[in-house]
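Engineer: What follows is the residue order along each chain.
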Amino acid sequence: MGRAYSTIAFDPAKCDGCGDCMTACAQAKTGTDDIARSRIQIYGREGAPDKTFELALCRQCADPKCVTVCPAGALNKDSTSGVIGWDASKCVDCLLCTVGCAYAGIALDETAGHVSKCDTCDGNPACVPACPHGALKYVTTANIYNEVGDWEDLFAPGLAGCQGCNTELLMRHTLRRVGPDTVLATPPGCVPGMGSVGFNGTTGTKVPVFHPLLTNTAAMLAGIKRQYKRVGRDVQALAIAGDGGASDVGFQSLSGAAERGEQMLFMVVDNEGYMNTGMQRSSCTPYGAWTSTTPVGETSRGKTQDAKNLPLIMVNHRCAYVATASTAYMEDLYEKLDKAIAASKTGFAYLHVYSPCTTGWRFPSNLNMEVARKAVETNFVMLWEYTPQDGLHFTKPVDDPLPVTDYLKAMGRFRHLSSEQVEHIQKKVVENQKFVERMTEHAHVG
Amino acid sequence: MDRAIEHTKYLIAGSSHAALEAINAIRMHDAEGPITVVTRDSHLPYSPTVLPYVVSGKSAPARIFLRDEDFFARNKVSYRPESGLKALHADRNSVELVDGSSVVYEKLLLATGASPAIPPIPGIDTVSYHVLRTLDDALKLRGAIAESKQAVVLGAGLVGMHAAENLVKAGASVTIVEMSDQLTSGYFDKVAADMIEQAFRDAGAKIMTGSRVVRLEPSPAGAKLTLENGTTLEADLLLVATGVKPNMGYLNGSGVEHQQGILVDDRMQTTAANVWAAGDCAQARGFFTDTKVMNAILPDATIQGRVAGMAMAGDPGIQDYAGGVPLNTYHFFGRHAISVGSSKVPEGGEVVTRFDEQTGHYLKAIFGADGCLTGIFGVNEFFDGGVMAQLILRRTDLTPLRERFVANPLAVGREIMSQTWR
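Chains as they are written, first to last, in this note's numbering: chain A, 1 to 446; chain B, 1001 to 1422.
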């Protein structure tokens, strides 16, 4: 199987050309402050009329031209780290690699008299922490892919989700992470609809799975977990439920289990409605959204109430762990999944994952991650976590959110909105953000 | 069909850059189809470009190989050294090898490279001389250089100049004889060539440009050369480095059309069915002309090898070959020269040069009538050759940036690169 690699990412919008990255690189690699010798080069620092900044840095290409044109075999892509390494003892200083590279990623260090290139400082690049503006990031998401690829996939192949739905991704990742010693509860909704409970007498999972009622998921799972405990088996109790099953009729059993501190991980896949049964509204459907029960016609203009903020309600149960997550931010999701699993060993852990619905929200099936990302970038949803010890804090704070219209325009369920409705939603976004911010402040005081 | 005859899906003749890139390209698309590599060489793959450094001692001969046995095993490639092509029978998809065996192929790549072109000087058969194209040549030359007191290098191309520098550094008295009136013609212009010449003279080499050897004969020292003007030279080491000619003797009667090299289309296919050619033996479209040209340089061999491999494997991601752009780099006595693109000034075009005699920095840039870069050349002036090549290939209009670009091609080239193809 192929491997994915970590990479240094550059956001030109955040760069102000200060050059601290170059100084850090020159110091780390040459022991001098000579930024001409830095292996990362920022351009447009002087004389550029529009004050935009450009980057020359080795891309550690998957298909590196510098390697193919080296006559001496001095360049090689390391299949473990993905870094293209330069072997000084083989290099003949012919400079052909600089002719091969279209990105100026390998260039002559005139002082040293040899070519030099970024080696990502063995996975700890000096330039990244030196950037005071967050314009450079060392993206390590690839580790998830490499690591997860080695774990057993505990769902059957061929789950029958809608095209472009992220729930299969979420289910497979989650079950791989929690592992085989798991009992899974999936109440009516998209998750069993996709086949997790199985067909024709076989389950869709390689772990025990059951199909409770919408109303009693948390109660049934709590009973099963207690029985396993009683017989001395350490089994992970996991529920994967929809927002309808959790925030509407399933709420009393969810609230009760949380209040009692039952030892389980309760994951809600929030697609903001009863999408499996024909796209009816739920208490998590946002204001203004079209659903089959909040139609758009001569008088009706979509849902007239705001969504219930279920994860915040769960915080008020003082659960062992509560977090919101998005499949557009997998590293963040994985960190939260790990913490939630750990918390569920001693108490109730609640993970609320936003799940854009290609079918019910009306957007092209290739844009799921883009819609999920826009929701976060506009602050329409916020990614945070809560523990009773540390309170609530943002994990992906968005200081400079995009206008909420960037999110609304990405899908058809908001197409009919009047400017007043858009204004209402934008006001709600700001209000929600302030509300959660106040909770983070309160947590610091406490 | 005779059961003793080997069958393979992809037969690749040759084992250097074009061949290796073709293997990569084939394996990207076809993980299983049998590949057989036949090569005249007796070693693992290496680059002719590294050989001057084997001669100088900078490269250890055992460490120049571009692939190892494990690579061929992992990629399911049968590698057959000492088995060059003797004859091609394109009409029946088979080749004869020098060892007398035959191979039947489904697709054939001719990446057979080139050999030294030996000038028809009267008496050249009566003296012993060196050439430099194979590892065995390099090892022989390396041994001879250590012994040499007075050496003559015929030809002032990059191979000859590299060897001459090695000889100078080894303490021999060296004379370079070149027919044209400047060194490194075809790579660098007169100003650059004069700088290179000066560096060699400073190091004690004798340079005789515009000189033709009319007779060679054995002498007590080794060889005696007589020049057109009557001058004679004695050499205990004679290196003939007067260019290369493609290896295509096996084509006779095959029906594969060839002129200076094997003629190929923009997907590197020859005029014969199931036969492709790439690298130093191929004559393909030039970027600056509509005619087919020889562009026997390493970077182009890799590009051609890739196109050929993708075409052979039927990879739908293939793109037509854009045409050969000359790209050369040259290191001499601690200095460097880079040339990218054509040295010809197109009609309505413009040449901008700057030369700082004190620092020895020289830059020449040539722009077409449409404002696009067509060539850039530098001595002791580093710029990113790969970025420049892209500017040429993408026909990027540099008119609004010309002044800044010529002042600092490194920085401005990178700016454009980052904006245009980040």
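The set of hints was computed from the structure by calculation and includes no laboratory data.
Keep in mind that this is a model prediction, so the values were computed, not measured.
Glycine included, C-beta positions come from ideal geometry on N, C-alpha and C.
Careful: at least some of the hints might be erroneous.
Claimed, not checked - Pairs of lysine-lysine, BS3-like flavour, derived with a Cα cap of 25 Å:
{"hint": "1", "chain 1": "B", "residue 1": "Lys1169", "chain 2": "A", "residue 2": "Lys90"}
{"hint": "2", "chain 1": "B", "residue 1": "Lys1058", "chain 2": "A", "residue 2": "Lys90"}
{"hint": "3", "chain 1": "B", "residue 1": "Lys1076", "chain 2": "A", "residue 2": "Lys77"}
{"hint": "4", "chain 1": "A", "residue 1": "Lys77", "chain 2": "B", "residue 2": "Lys1058"}
{"hint": "5", "chain 1": "A", "residue 1": "Lys90", "chain 2": "B", "residue 2": "Lys1086"}
{"hint": "6", "chain 1": "A", "residue 1": "Lys434", "chain 2": "A", "residue 2": "Lys409"}
{"hint": "7", "chain 1": "A", "residue 1": "Lys29", "chain 2": "A", "residue 2": "Lys206"}
Said to hold, decoys possible - Looking from chain A toward chain B, a few residues come up when the C-beta cut is under 10 Å (computed):
{"hint": "8", "residue": "Phe53"}
{"hint": "9", "residue": "Asp63"}
{"hint": "10", "residue": "Lys396"}
Engineer: Please go over all the hints and tell whether each is borne out by the structure.
Structural biologist: How the hints compare with the structure:
1. Only pairs whose Cα atoms come within 25 Å are accepted, and lysine 1169 (chain B) paired with lysine 90 (chain A) is accepted, the gap being roughly 20 Å.
2. Proximity of lysine 1058 (chain B) to lysine 90 (chain A) is assessed by CA-CA distance (about 8 Å); at most 25 Å being required, the pair is judged to hold.
3. Restraint check: the Cα-Cα separation between lysine 1076 (chain B) and lysine 77 (chain A) comes to about 20 Å, which is no more than 25 Å; the hinted pair holds.
4. Straight-line distance between C-alpha atoms of lysine 77 (chain A) and lysine 1058 (chain B) comes to about 23 Å, which keeps the hinted pair within the 25 Å bound.
5. For a cut-off of 25 Å, the pair hint linking lysine 90 (chain A) to lysine 1086 (chain B) is broken: about 35 Å separates their Cα positions.
6. At roughly 24 Å between alpha-carbon atoms, lysine 434 (chain A) and lysine 409 (chain A) fall within 25 Å of each other, so this suggested pair holds.
7. For the hint linking lysine 29 (chain A) to lysine 206 (chain A), the alpha-carbon distance of about 50 Å lies beyond 25 Å, and the restraint is violated.
8. Among the interface hints, the one on phenylalanine 53 (chain A) holds; its C-beta lies about 9 Å from the nearest C-beta in chain B, closer than the 10 Å criterion.
9. With a least beta-carbon distance of about 8 Å to chain B, the hint placing aspartate 63 (chain A) at the interface is held under the 10 Å criterion.
10. At its closest, the beta carbon of lysine 396 (chain A) sits 24 Å from a beta carbon of chain B; the interface hint therefore is violated under the 10 Å criterion.
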